[in-house]
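S.K.: Listed below, chain by chain, are the residues.
There are 2 protein chains.
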Amino acid sequence: MHSDSFLDLCRAAIGPQNVLTDAADKAPYLTDWRRRYTGDALAVLRPGTTEEVAAVMHACHAHKLAVVPQGGNTGLCGGATPGAGESAARGVVVLSLQRMNRVRQVDPLNNTITVEAGVILQQLQDVAREHGRLFPLSLAAEGSCTIGGNLSTNAGGTAVLRYGNTRELCLGLEVVNVRGEVWDGLRGLRKDNTGYDLRDLFIGAEGTLGIITAAVMKLFPAPRARVTALAAVKNPRAALALLAIAQSHASAMLTGFELMSAMCIDLVTKHFPQLRYPFSEHHPQLVLLELSDSESEDHARGIFETMMEAAFDAGVVTDAVVAESVQQSRDFWNLREHIPLAQVEEGKNVKHDIAVPISRVADFIETTDTLLQDAFPGSRMVTFGHLGDGNLHYNVSPPAGVDNDQFLKHQDAINLIVHNSVHAHNGSISAEHGLGQLKLEENRRYKSDVELAMMRAIKQALDPQELMNPGKVV
Amino acid sequence: MHSDSFLDLCRAAIGPQNVLTDAADKAPYLTDWRRRYTGDALAVLRPGTTEEVAAVMHACHAHKLAVVPQGGNTGLCGGATPGAGESAARGVVVLSLQRMNRVRQVDPLNNTITVEAGVILQQLQDVAREHGRLFPLSLAAEGSCTIGGNLSTNAGGTAVLRYGNTRELCLGLEVVNVRGEVWDGLRGLRKDNTGYDLRDLFIGAEGTLGIITAAVMKLFPAPRARVTALAAVKNPRAALALLAIAQSHASAMLTGFELMSAMCIDLVTKHFPQLRYPFSEHHPQLVLLELSDSESEDHARGIFETMMEAAFDAGVVTDAVVAESVQQSRDFWNLREHIPLAQVEEGKNVKHDIAVPISRVADFIETTDTLLQDAFPGSRMVTFGHLGDGNLHYNVSPPAGVDNDQFLKHQDAINLIVHNSVHAHNGSISAEHGLGQLKLEENRRYKSDVELAMMRAIKQALDPQELMNPGKVV
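Protein chains in written order, with the numbering used here: chain A, 1 to 474; chain B, 475 to 948.
Hints should not be assumed to be uniformly reliable.
[To be verified] Cross-link-like lysine-lysine pairs, in silico, DSSO-like; alpha carbons within 30 Å at most:
(1) B:K921 - A:K64
(2) A:K447 - B:K825
(3) B:K538 - A:K459
(4) A:K459 - B:K933
(5) A:K459 - B:K500
(6) B:K933 - B:K500
(7) A:K234 - A:K64
(8) B:K933 - B:K883
(9) A:K64 - B:K933
[Said to hold, decoys possible] Which chain A residues face chain B? A few, computed with CB under 10 Å, are given here:
(10) G156
(11) T194
(12) Y196
(13) P223
(14) R224
(15) D293
(16) T318
(17) V321
(18) S325
(19) V326
(20) S329
(21) R330
(22) G434
Because the hints were derived from the structure by calculation, they are not lab data.
C-beta: ideal position from N, C-alpha, C; glycine also.
Using the sequences provided together with the hints, build the complete structure.
M.R.: Below is the structure:
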């Protein structure tokens with residue numbers, strides 16, 4: 001059989017133990033971690049080096065097999081698992097990069113680290129710290145997601161305000177293309193203008209143009225102190241005014257600016273009563289601010305005091321607490337980080353990962369809240385996120401007393417209201433999670449024909465047989 | 475005649491006064507400002523709106539005419555002028571974006587400005603300042619270069635260390651493609667993961683993939699103070715050690731870190747004796763450091779004191795002066811900015827715009843200096859540049875007493891030594907000036923076949939008839 005010769009080729013190239021064909025062995029790679037997408041695959045291939053990736057890609061190309069690249073399998077849009085029914089139409093393999101997990105080089109003077117795609121994000125952070133450096137990318141899945149997946153989805157997280165998305169943290173890539181050729185673009189340069197920006201084309205392409213096997217990532221001097229504050233504001237508009245004040249006083253020291261609606265705090269304190277809420281009163285919106293300081297904790301606290309004084313004087317803030325210790329800073333972040341967990345406890349809701357221009361966030365929330373209340377009276381808004389980036393997790397929970405599964409039947413209608421509003425506010429329906437399978441169709445609704453045609457032309461140019469991660473992105 | 479119907483179409487679309495066919499009218503657009511490249515064109519077209527650009531592009535496409543987009547015509551690699559003999563082979567037009575010079579929107583809360591391609595860089599800086607914001611891109615030609623040209627060449631300059639290249643300052647683009655279709659990608663979003671990164675493909679493509687007509691650029695809070703210092707160091711290796719100390723103490727406040735060899739200072743003080751050299755002694759290397767502070771001038775000066783103390787203690791710095799006034803800061807920058815002018819006074823030399831990993835700068839200089847001294851004994855090294863980015867203007871002047879024009883006969887041999895060494899140090903032969911016509915062939919020597927093939931595939935995908943700025947980049 002056709003597939004036997006292919007599997008033999010792969011076994012010879014990467015060792016039989018790294019060619020999984022048994023259903024039980026393959027299963028963990030065929031379902032995303034939220035268990036929304038399950039596909040099938042002829043095999044799961046686990047190459048351990050760039051040369052091995054090239055060899056199996058070459059074999060896949062020769063056999064016209066589709067390839068689904070996979071990192072830590074923590075994606076939220078089904079980008080790293082085969083589409084349902086995909087392998088019925090033609091052969092598909094999953095190519096796991098998990099064994100490519102070496103740190104190739106740390107260059108503290110160049111402030112760079114060269115890592116293979118399968119390195120876990122947390123490990124990368126740890127190695128940076130051991131060298132007195134900061135790798136700033138930070139997100140909920142950091143204990144199991146891989147840098148290759150972060151690059152392929154251009155992951156965001158909580159430090160984008162200061163350090164940018166994964167794209168902005170990358171200086172160079174190594175990529176294996178669909179024909180099994182290796183592009184060595186592992187350049188650790190701050191300036192390089194010698195042709196088209198291939199690097200940024202592969203970043204965020206979710207494995208549909210080639211396979212990222214290694215990357216040169218930026219490091220930063222480790223800050224001497226990090227101090228956090230919680231500020232209470234009346235509404236999102238006041239939160240935006242606070243952002244402008246904070247940026248004026250702290251500039252690049254401002255490394256976190258997270259919004260949390262009262263509903264978020266209610267859910268967190270309900271499901272995690274051990275977490276400490278530092279105010280005596282209930283507030284409609286909270287903002288978590290973080291300063292990273294290259295001088296000292298005292299200096300950061302001084303900046304916070306000046307900043308908050310200005311914010312009180314301007315009538316922007318109604319209450320504020322600056323963390324007095326590292327532990328209290330952790331406590332504040334805990335409130336923010338337990339929001340997704342509290343949602344899990346509370347039951348399913350309709351989630352959105354959207355961005356709008358920062359100046360339009362308040363308009364967006366007011367307009368969209370009203371549209372949703374008109375259509376689904378009593379819906380509860382679990383709105384939180386990276387306000388400093390204009391990125392909200394704008395989640396809609398059922399009215400009190402309404403069953404979650406019943407409510408989820410309205411998911412398409414709710415998505416349409418929210419995403420139409422995002423579009424009307426010049427926003428993005430996928431700020432930091434990518435498109436994957438989940439938003440492929442919906443994206444086509446909002447993109448212009450000109451843009452879609454250019455995307456398809458590029459796909460066609462680099463993957464003419466559409467073997468790379470079919471059914472995703474384009 | 476074929477061209478008559480084309481010109482009539484253009485006159486109807488953008489007005490006869492904006493279709494230049496007279497030789498004297500066309501001349502300024504057909505030669506680059508350094509007068510190295512002169513080509514010919516059927517006409518120079520000066521559309522004033524995106525719709526007009528689309529109309530003339532549509533006409534060019536219908537008539538299979540090649541199009542050379544042009545901004546301020548200040549490029550250093552001949553990217554914005556037609557190639558010699560190009561119009562003999564087929565019809566070429568120059569499409570000048572200078573009339574598209576409107577600031578469309580300033581959004582201080584989103585920290586963005588939307589500008590048309592023909593806006594002069596200095597005007598963009600001025601408008602930002604009027605809104606209490608900083609647009610950080612800064613380079614020698616800022617009084618006449620356009621933001622469209624800056625984007626097309628991904629220009630660098632003196633603030634890349636903190637704010638990145640033009641690429642990192644751009645959030646969204648409007649582009650007219652080769653068929654005259656308009657892509658509205660003017661998104662002012664910090665996070666957007668809804669498909670391939672077309673923006674970064676057009677940035678740095680030097681007009682070979684489409685025409686950038688407008689852009690959303692990032693703004694930053696204006697710093698409250700800027701303070702400059704000059705430090706004397708023994709050699710480039712010590713300068714790198716100072717960089718690490720400076721980054722550790724000042725982090726993102728460090729906005730400038732420029733290296734100048736003794737030879738540079740000699741030339742400047744020889745040709746501009748009115749400029750003040752602040753040291754009593756002659757030093758082998760100087761570093762100009764700039765801090766931008768969101769607090770106060772005193773605070774910045776305090777950081778400088780701590781930093782320089784650490785640098786003296788570590789034996790890294792032999793002398794240092796912190797500017798005591800805004801005027802003295804200007805004086806220090808004047809020394810740096812007069813280096814290119816002093817070179818003009820001194821006579822031609824062989825110039826290179828190169829980058830290597832920051833950690834390899836000292837190795838690169840030592841190795842390459844030796845190679846050049848072996849081949850051309852007595853050559854004088856006018857080495858200066860953006861050390862914080864690993865980007866050097868590594869220029870070679872003739873030995874004392876040798877005629878400049880005589881020496882320039884060795885240009886190709888010198889280029890080969892320097893660029894081979896750059897390549898051996900994993901560097902870039904064009905850090906911030908692009909490829910244009912000047913480095914097209916040389917780039918092919920150093921790029922891998924895999925990378926060149928991907929570049930050509932993308933060119934083919936977006937401009938199958940090769941009408942966009944032929945003979946440049948690919």
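S.K.: None of the hints should be skipped; say for each whether it holds.
M.R.: Against the structure, the hints come out as follows:
no.: 1; hint: B:K921 - A:K64; result: 29 Å, holds
no.: 2; hint: A:K447 - B:K825; result: 45 Å, violated
no.: 3; hint: B:K538 - A:K459; result: 25 Å, holds
no.: 4; hint: A:K459 - B:K933; result: 13 Å, holds
no.: 5; hint: A:K459 - B:K500; result: 39 Å, violated
no.: 6; hint: B:K933 - B:K500; result: 28 Å, holds
no.: 7; hint: A:K234 - A:K64; result: 58 Å, violated
no.: 8; hint: B:K933 - B:K883; result: 35 Å, violated
no.: 9; hint: A:K64 - B:K933; result: 25 Å, holds
no.: 10; hint: G156; result: 5 Å, holds
no.: 11; hint: T194; result: 5 Å, holds
no.: 12; hint: Y196; result: 5 Å, holds
no.: 13; hint: P223; result: 7 Å, holds
no.: 14; hint: R224; result: 9 Å, holds
no.: 15; hint: D293; result: 8 Å, holds
no.: 16; hint: T318; result: 20 Å, violated
no.: 17; hint: V321; result: 23 Å, violated
no.: 18; hint: S325; result: 23 Å, violated
no.: 19; hint: V326; result: 19 Å, violated
no.: 20; hint: S329; result: 19 Å, violated
no.: 21; hint: R330; result: 22 Å, violated
no.: 22; hint: G434; result: 5 Å, holds
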